[in-house]
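Engineer: Sequence:
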Amino acid sequence: MNEQEINNALINTFYSSFAQRDYKSMRECYHHEAKFKDEAFELKGKQIPAMWHMLCVRGKDLVINYDQVEVSANTGSANWVARYTFSATNRPVVNEIAASFIFKDGLIINHQDDFDFWRWSTQALGFPGLILGWSPFLKKKVQKQALDSLNAFISKQPEYQDGNR
Numbered sequence: 001m002n003e004q005e006i007n008n009a010l011i012n013t014f015y016s017s018f019a020q021r022d023y024k025s026m027r028e029c030y031h032h033e034a035k036f037k038d039e040a041f042e043l044k045g046k047q048i049p050a051m052w053h054m055l056c057v058r059g060k061d062l063v064i065n066y067d068q069v070e071v072s073a074n075t076g077s078a079n080w081v082a083r084y085t086f087s088a089t090n091r092p093v094v095n096e097i098a099a100s101f102i103f104k105d106g107l108i109i110n111h112q113d114d115f116d117f118w119r120w121s122t123q124a125l126g127f128p129g130l131i132l133g134w135s136p137f138l139k140k141k142v143q144k145q146a147l148d149s150l151n152a153f154i155s156k157q158p159e160y161q162d163g164n165r
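Take 1 as the starting number for the sequence shown in the working numbering and just add one per residue.
Check the hints yourself; a few may be wrong.
Said to hold, decoys possible - Here are the simulated BS3-like pairs of lysine-lysine, each with C-alpha atoms no more than 25 Å apart in a straight line:
1. 44 - 156
2. 37 - 139
3. 139 - 104
4. 24 - 139
Simulated from the structure, these hints should not be mistaken for lab results.
My request is simple: use the sequences and hints to build the entire structure.
Structural biologist: Given below as structure tokens:
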């Protein structure tokens, strides 16, 4: 297989594993020096697989669909949709996400997910999200809560402690 075929298989493995909540297979798609960024997180290294692990085990009704996978020898993209109930408010969310990737050594070295934060916050938070979803204040508050939640999750998972991948 050439690099483009390898990268295409990698992205399909990643999202099919996510759809099955197979966070261990998702973890294997990332380079050990990987970086991840979206509207809620800016992560590196072990934080990335820990985030997917957390989302997979906490997302009781999580449904993932993906399409439009495009890859080259070094980059790739995909569109995906996450449907779930936001646990803090018990509100349904349909989050449409555009993912972009950079590959190194046949693995994901850089992953960025872009979505409309205002649209997400309106669905997840209701009226407060509708009114404040555009504001840096709410975005920073959500980012802090997300990182605090991830750090608490990591602290209870030996596989993400220092020295473990």
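Engineer: Evaluate each hint against the coordinates.
Structural biologist: Here is how each hint holds up against the structure:
1. 44 - 156: Holds: residue 44 and residue 156 sit about 19 Å apart, inside 25 Å.
2. 37 - 139: Within the cut-off at roughly 14 Å; holds.
3. 139 - 104: violated (31 Å)
4. 24 - 139: The hint is violated at about 29 Å.
The structure does not agree with the numbered hints 3, 4 stated previously, though it agrees with the rest.
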